[in-house]
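First to last, the protein sequences are chains A and B. Quick note on numbering: the working numbering labels position 323 of the first sequence as 310, and the sequence is numbered without any gaps. Take the position in the second sequence, starting the count at 1, then add 1; the result is the number in the working numbering.
The set of hints was computed from the structure by calculation and includes no laboratory data. It cannot be assumed that every hint is accurate.
[Claimed, not checked] Pair ranges (Cβ atoms, derived): (1) B:P129 <-> A:N27: 17 to 27 Å; (2) A:F414 <-> B:Q111: 52 to 62 Å; (3) A:F436 <-> B:D109: 41 to 51 Å.
[Said to hold, decoys possible] Only pairs whose alpha carbons sit at most 25 Å apart, straight line, appear in this in silico PhoX-like list of lysine-lysine: (4) A:K263 <-> A:K198; (5) A:K516 <-> A:K619; (6) A:K263 <-> A:K411; (7) B:K131 <-> A:K388; (8) A:K607 <-> B:K58; (9) A:K326 <-> A:K198; (10) A:K619 <-> A:K562; (11) B:K130 <-> A:K388; (12) A:K516 <-> B:K97; (13) A:K388 <-> B:K58; (14) B:K162 <-> A:K388; (15) B:K162 <-> A:K607; (16) A:K411 <-> B:K162; (17) A:K516 <-> B:K130; (18) B:K58 <-> B:K97; (19) B:K162 <-> A:K378; (20) B:K162 <-> A:K263; (21) A:K562 <-> B:K130; (22) B:K58 <-> A:K516; (23) B:K62 <-> A:K378; (24) B:K162 <-> B:K58; (25) A:K198 <-> A:K102; (26) A:K388 <-> A:K378; (27) A:K607 <-> A:K516.
Just so we're clear, the structure is a prediction, and the values are computed from it rather than from any experiment. Beta carbons are placed, not taken as given, at the ideal position from N, Cα and C, and that holds for glycine.
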Amino acid sequence: MDILGSFALLLAFLAAVYAVLAGIAGIITRRTLLTKSARNAGMAVFVLVTVAVGCLEYFFFTNDFSIVYVVEHSNRALPAFYKFAALWAGQEGSLLFWSWLLSIYAFLVLFLNRKRHPELMPYVGVVLAGVQTFFLTLNNFVATPFQVLAGPDGAGVMHLSKLSEGHGLTPLLQYPEMVIHPPMLYLGYTGFSVPFAFALAALLGRYPGEKWIHITRRWTMIAWCFQSIGILLGAHWAYAMLGWGGYWAWDPVENASLLPWITGTAFLHSVMMQEKRGMMKIWNVWLVFTTFMLCILGTMLTRSGVVSSVHAFAQSSIGSWFVGFLIITFLVCFAAYWKNRDYLRSDNQLDSLVSRESSFLFNNLILLAACFAVLWGTLFPVLSEWVQGSKISVGAPFFNKVNVPIALFLLLLTGVGPLLAWRKTSFDALKRNFAWPFGGGVLAGIIGFIFGFRDIYSLLCLILGVFVTLTIASEFFRGARVISARDGTNFFTAMGELTMRNTRRYGGYVIHFGMVLVFIGIAGTPFNKDLQKEMSVGESLGIGPYTILCQNFDHLDNANFESDRATLEVFKNGKSDMMLFPERRLFHASQVTETMVAIQSSPLRDLYVVYAGRSPESGKPVIHAYLLPLIKWIWFGGIVVVLGTGLALLPNRRTALVLRPATERSWADAIAGATPAIGAVARRVEGHD
Amino acid sequence: MINLRNGCGAPQNSPRPLRPPSASSALIFAFRAIVLAIVLTMASASPASAQDTPRAKALSKRVLCMCGGCEDSAGMCNHPGGTFSGPCETARGMQKDLDARVTRNESDDQILQAMVEQYGPTVLVEPPKKGFDLLAWIMPIAVPLIALVLVWEVVRRWRHKATLAPAGGPQVNAEFLARAQREAGREGSEHDE
């Protein structure tokens, strides 16, 4: 099977190389057969990489400890779903997984568009195959997942060997999110390859108009959504697993996942400028190029250990390959841009500073500022070491100080931007649209201040959060009221009708609302409390309205781990409220201990209790309790963002053509001054998005 | 987003106290215990195991734990994967040092400077605001400002273009225009994206 896997990977590499070469030859010679053959090779990569992935999974499920990768990341007692997820637990498997997800995207793109866009698709195929070639090079020649165990005998002759048991999966990875967080994040990283490929293809092929943006809109949103889910799941994992009461540490790998998300967000907004007004063509192309390169940079930071990260997966020399690929990508993008820059000439005009256009410009400016700040902070230690010869640390406080004001400004724009009209917004319209939301925000701020929101950033976040929510609500309300009055339907039906008629716009509002919830959740951070105490049975600890009484400590054992468990009774305002069972698990295979946090979550606050182990000094058990306000809003906001994205992906419901007696004169008649049309006229057609 | 530190460079099970004794005198210790008990009764979220003063606690979050096995601050050191998920020996030592310096009434700057002399510049959680490292702080402000100036310039040019070429559009039949305005009024804000 290892030979089958290796062979499939090698063939996949050859197929990808062929897809690039035959694709280029097809474009130059304009021979359809070559182009088709290149496309088929591109699709074949998917089948071949799938075979390789299947082989590796087979080794995990059959406990084949003759394969180095399986030995290092699995053991017999590992539950089945972690065996499945062990595919992406280490360097080699993660890179294979990257290739596989990319091949799925490439297959879908090539298959779904096989009869469409004949001028554009050959270029797209070449770009996608080029990216695949790079990752398959890594899979085949740099980090092969099918390396077998072998050792020399007395005479120095190498023999294959096999172990009876593996080293096990790192305990920190043995958490349900392991199965879902990396795939989501990787689907985001790889997914941005699709808009990148189309943008580069459109530029190389001088494909007219904004068509590449229309084609890739859904692909970009899907990648963006996966990236959002991946980031939030990672934050939740860190929160629920690491036992430090936080969810975001501004670790380089976390930052790496945030960077393409930020530029992707900027891209999703700025393409609207091109679609509606034909503006910012160069900017959009470079934004998608940057997003893709940041995806590669993110993968490099995760995989290479260039900057010191607590995600110490595998630190190897693989970074230089990524640097090389990044340089090549940049050169190709720049050359394509330079050669075809006249193709991107756009007629940029701005009628007023108070307009949707300018709000998009500021949106992009702020997002790019945030992206730069995160990138700068992440790479500054490397730069500092290079210039000064000594390393410095850039920790979470730096990122918070720099990014919190930027994020708040962005929140403000989230409220202001969508309410400005294209081209120009009058002062009266501004007053009409913003007076109530702004008043509501200020009122919420006053109430928040009275109830203890004394941190300036949190207070601003609350004011802006309420402001944005009210602007969104007013948009739904005004639209639904108009439809309700016109069609005579009830208000909620009208709101559904309104939303379904322009899913992109109203889905966008739902996403904005989800982001408001995330921001409100983050705004709770300054009010965190924690208390650590040595506790024997019968002792108690008080935090906020809770008193935690230690009832018992017991020991559990199973094939994978043994566990020390604390049984804690929690009293709220003096009344027994719940039981919590924080644990410490010692995993047999790796002999590493892990905390299992007990969390009682409510919309107002989380009670987060860690059994930290026995004090090295007194031997008594130590309980660390945290009171973390509003955390749940972050996860709930994430769900709303995903639902909003789902909504925005739906096709617009178009009003059916209603046949009616031609007693009224249509607009067309009015123009022409003609007699009523014979038969029927279309009553109304919605077509905007 | 996950954290794969497998313990600390220093052994976790050394017989160091979890909460370092901060004074040698038994009398002071007893006094402190009483004060701590009172504080605990009054405010349930007081730092029981961490540091003696809020200033020391704040300082401990401004320096990194230098054990080499984690990326946490000395005040937040928490070793997942280790035998004890709390401050490691190095972090406890640093906390104790900070406590002692705060007790000696050294200023924040003096204490941080002493830490840098002892452990090197990496000990500071944030880059210092001087010399080359000042760039770390300036650039995230300077670059957006420069970008803002550029955007402003772009906006100015685009507006100039707009005034040069006023949007006239095709001539529209007056009757149609009136009808269109009536219809548009009825449909309200529905079409303005």
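Here's how the hints hold up against the structure:
For B:P129 and A:N27, the hinted distance range of 17 to 27 Å is not satisfied, since their beta carbons lie about 59 Å from each other. Checked against the hint of 52 to 62 Å, the pair A:F414 and B:Q111 passes, with Cβ atoms roughly 56 Å apart. Look at A:F436 against B:D109: about 29 Å separates their beta carbons, and that is not inside 41 to 51 Å. Note on A:K263 and A:K198: the hinted pairing holds, with a Cα-Cα distance of about 12 Å set against a maximum of 25 Å.
Proximity of A:K516 to A:K619 is assessed by CA-CA distance (about 16 Å); at most 25 Å being required, the pair is judged to hold. Annotation: proposed proximity of A:K263 to A:K411 holds, straight-line Cα distance about 14 Å (limit 25 Å). The suggested pairing of B:K131 with A:K388 holds, with an alpha-carbon distance near 17 Å, which does not exceed 25 Å. Pair hint A:K607 plus B:K58 holds up; C-alpha atoms about 23 Å apart against a cutoff of 25 Å.
Pair hint A:K326 plus A:K198 holds up; C-alpha atoms about 20 Å apart against a cutoff of 25 Å. As the CA atoms of A:K619 and A:K562 are separated by approximately 24 Å, the hinted pair is consistent with the 25 Å bound. Restraint check: the Cα-Cα separation between B:K130 and A:K388 comes to about 13 Å, which is no more than 25 Å; the hinted pair holds. Restraint check: the Cα-Cα separation between A:K516 and B:K97 comes to about 22 Å, which is no more than 25 Å; the hinted pair holds.
Distance hint between A:K388 and B:K58 is fulfilled; the C-alpha atoms sit about 19 Å from each other, no more than 25 Å. A hinted pair counts as satisfied when its Cα atoms are at most 25 Å apart, and B:K162 with A:K388 does not qualify at roughly 39 Å. Using a Cα cut-off of 25 Å, the hinted pair B:K162 and A:K607 is violated, with the two alpha carbons roughly 75 Å apart. Using a Cα cut-off of 25 Å, the hinted pair A:K411 and B:K162 holds, with the two alpha carbons roughly 15 Å apart.
Under the criterion of a C-alpha separation no larger than 25 Å, the hint pairing A:K516 with B:K130 is inconsistent with the structure, at around 29 Å. Restraint check for B:K58 and B:K97: the C-alpha separation of about 11 Å stays at or below 25 Å, so the hint holds. Straight-line distance between C-alpha atoms of B:K162 and A:K378 comes to about 49 Å, which puts the hinted pair past the 25 Å bound. Proposed proximity of B:K162 and A:K263 is supported: the alpha carbons are some 18 Å apart, at most 25 Å.
About 51 Å separates the Cα atoms of A:K562 and B:K130, which puts this hinted pair outside 25 Å; it is violated. With a C-alpha separation of about 13 Å, the suggested pairing of B:K58 with A:K516 holds against the 25 Å cut-off. Between B:K62 and A:K378 the alpha-carbon distance is near 19 Å, which keeps this suggested pair within the 25 Å criterion. Annotation: proposed proximity of B:K162 to B:K58 is violated, straight-line Cα distance about 58 Å (limit 25 Å).
Proximity of A:K198 to A:K102 is assessed by CA-CA distance (about 16 Å); at most 25 Å being required, the pair is judged to hold. Restraint check for A:K388 and A:K378: the C-alpha separation of about 21 Å stays at or below 25 Å, so the hint holds. Among the hinted pairs, A:K607 with A:K516 is consistent with the structure: their alpha-carbon atoms are about 23 Å apart, no more than 25 Å.
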